[in-house]
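Chain residues, written in single-letter form:
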Amino acid sequence: MTVQVTASEGGIPHNTIMAVGLVGSLVCLYLTYANQFLNAEYAAFFGGLAAVFALLWGTDTIKHLCSYGIGTGVPSAGMIAFGTGVIAMLLATKVEAAMPYSAPIAAVVFGAIVGAVAGWIANSVLKMNIPVMVRSITEMAIIGAIVLMGFTAVMAGGFSFDALAAREIAILGPLSMTSYAGSLLGGCLLAVSFMLGSIALQHPFNACLGPGEQQDRTLMLAAECGFLSMIVVAVISFAFVAFAAAMLSLIVAIVGFVYTYIRFIELSKRDAFAWLDAKPILEPEGED
Amino acid sequence: MTAIEASSSGGEGINPVASVIGIILILIAIAITYSVAPPAALAALIGVIVGGLLIGFGVHFVPVGGAPAAMGQSPGIATGVAMLAAGAGLAGLFGGAWAAANPEFGFAIVIASGAIGGGLLMAITCLMVNIVYIFGMGIPAASGKVAKDPITGDTQEAYKSQGTEGHGLPFISYVGGVIGGLLGGAGGTLIYYELLKLYSALLPDILTADVAQIMPIAVSLAGIFAIGMFLVNAVLAAYNITGTIEGPHDPKFKRFPRAIIGCATASAVCGLFAILIVVV
Chain A
1295 MTVQVTASEG GIPHNTIMAV GLVGSLVCLY LTYANQFLNA EYAAFFGGLA
1345 AVFALLWGTD TIKHLCSYGI GTGVPSAGMI AFGTGVIAML LATKVEAAMP
1395 YSAPIAAVVF GAIVGAVAGW IANSVLKMNI PVMVRSITEM AIIGAIVLMG
1445 FTAVMAGGFS FDALAAREIA ILGPLSMTSY AGSLLGGCLL AVSFMLGSIA
1495 LQHPFNACLG PGEQQDRTLM LAAECGFLSM IVVAVISFAF VAFAAAMLSL
1545 IVAIVGFVYT YIRFIELSKR DAFAWLDAKP ILEPEGED
Chain B
428 MTAIEASSSG GEGINPVASV IGIILILIAI AITYSVAPPA ALAALIGVIV
478 GGLLIGFGVH FVPVGGAPAA MGQSPGIATG VAMLAAGAGL AGLFGGAWAA
528 ANPEFGFAIV IASGAIGGGL LMAITCLMVN IVYIFGMGIP AASGKVAKDP
578 ITGDTQEAYK SQGTEGHGLP FISYVGGVIG GLLGGAGGTL IYYELLKLYS
628 ALLPDILTAD VAQIMPIAVS LAGIFAIGMF LVNAVLAAYN ITGTIEGPHD
678 PKFKRFPRAI IGCATASAVC GLFAILIVVV
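If you read the sequences in order, they're chains A and B.
In terms of this note's numbering, the first sequence opens at residue 1295 and continues consecutively.
In terms of this note's numbering, the second sequence opens at residue 428 and continues consecutively.
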């Protein structure tokens, strides 16, 4: 049996956040294709913005799911999101090699399939019987795939499997050789973005939950975590993309982080004051 | 019911319809692999399914106490199931990956290295947890779920603080933790090893390079897939346990059959995707 315990009432409805997150992240991922038409990977930073959009959406999804007592803590939701997401994302990069411009959509489709199966297993086979379980895990697998794809775009400038697996290294001017060990996959940088993304996904609601939780503050923390992860990813990108493009990603990430951090502190101070007037935990009737 | 009491009980027993659908999903994944991929891929998928099943089963042995354990109010390690299982699994994966990199070592040695890595991490964790409980918090290890330890036969009641579910890591929980680490490490390594063999066989043709050149890609891909599937299986098993478990003597342990079906199904679907990446 489950009882819904909603941390905060009101705010932007989840469906709206989902629509904004999905459309925003897909548009940003498609904007990274502009790299192919520029003389350097100047559009790579859009990948980081896609990840931030997806993390905002994911934080609200986790809030939705974990308002039911799932008994395992919030971080486990972030872990299953990226565990399923990484599988969907890698297969999508392979599809990109066969069908150009299909990777972002493919990541959403594959993420939906893996996530729906995992959610269905949790809800039916393991008898968790949580009304939003299947939908939430499906959403989170898509989010995991999009975040990884966005960070990959920042690091490598694109997300075709061949580009991730091999890297041309110039030796003696006109001569060049193909390096597999020095590529994004060969260096296992995907594992780095896996942890950066999953911690950014699971942290915001875990840090803000409780009777004084406010949606705008939680979402601001999610954006802040997203930009913080993007800073690390942008630093890694110096090894793969042109210097100016990596610098642009880094500047965007730092500006985004500083702005969201200042806003988050402001909102925290507001809510610390409002806490004096805290209400008991609300228990709405019915199911979502 | 207040918010404090609210939790997912998870229910008891198996859901027969869902279990049958799960087994059908496994068979569909096997059929797709058989029809689109070379025979070696089928062996890899079976390995992945068995690996996922071992992880799901192994997680049930690991004594997890969560926040109550941190306050000395229930036996187990004071963290979540998924975190603990991931730690044991990744430690196992390091051991297994080291053995897999040496061509002289066969299948059995690779899996055994992974199992020992996972078991060792759990043994050290359990030991340190008991040191903290006994010398740090000043409480003896006692189980709240059984009157007598099933292995040593020691009685628990006299050592259990009033108002708690027990505390520390009694002998049976310690042994259970090590068994869980062994199974989880073996399962994670099995997934890694099977995928590594498949990728190192098929990637040279796809990337038109020799085996030595693509090894970093094969190792990285197999490793990240193994980590992904390990976390999926560990979290699904954690959802089955719903919070805390003392070990093999805990009544919740009886729920493991449905976790085995669930983890095998999830591994089959994830494994199918991981195999499609080299055949599409």
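Source of the hints: derived by calculation from the structure; they are not laboratory data.
We put the beta carbon where it would ideally sit given N, CA and C, even for glycine.
Careful, some of the hints might be misleading.
Unchecked claim - Just some of the chain A residues that point at chain B, by a computed CB distance under 10 Å:
#1 Ile1364
#2 Gly1377
#3 Ala1382
#4 Ala1412
#5 Ile1415
#6 Ala1416
#7 Ser1418
#8 Leu1420
#9 Val1426
#10 Leu1466
#11 Leu1469
#12 Thr1472
#13 Gly1476
#14 Ala1485
Evaluated hints:
For A:Ile1364, the shortest C-beta to C-beta distance to chain B is roughly 5 Å, which falls under 10 Å, so the interface hint holds. With a cut of 10 Å, the hint placing A:Gly1377 at the interface with chain B holds, because the nearest CB-to-CB distance is about 4 Å. Using the Cβ-Cβ criterion of 10 Å, the hint placing A:Ala1382 at the interface with chain B is satisfied: the shortest such distance is roughly 7 Å. Of the supplied interface hints, the one on A:Ala1412 holds, with its beta-carbon coming within about 5 Å of a beta-carbon of chain B, less than 10 Å.
For A:Ile1415, the interface hint holds, the least distance from its beta-carbon to any beta-carbon of chain B being 4 Å, beneath 10 Å. A distance limit of 10 Å between C-beta atoms decides the matter here; for A:Ala1416 the minimum to chain B is near 5 Å, and the interface restraint holds. With a least beta-carbon distance of about 4 Å to chain B, the hint placing A:Ser1418 at the interface is held under the 10 Å criterion. Among the interface hints, the one on A:Leu1420 holds; its C-beta lies about 5 Å from the nearest C-beta in chain B, closer than the 10 Å criterion.
Annotation: interface hint on A:Val1426 violated; nearest CB of chain B at approximately 12 Å, more than 10 Å. Here the hint on A:Leu1466 is broken, as its CB sits about 20 Å from the closest CB of chain B, past 10 Å. Interface restraint check: A:Leu1469 against chain B, minimum CB-CB distance 17 Å, threshold 10 Å, status violated. Below 10 Å, beta-carbon pairs count as interface contacts, and A:Thr1472 has one with chain B at about 7 Å; its hint therefore holds.
Residue-level restraint check for A:Gly1476 holds (minimum Cβ-Cβ distance to chain B is 8 Å; threshold 10 Å). Checking A:Ala1485 against chain B by beta carbon gives a least distance of about 6 Å; that is within 10 Å, so the hint holds.
The structure does not agree with the numbered hints 9, 10 and 11 stated previously, though it agrees with the rest.
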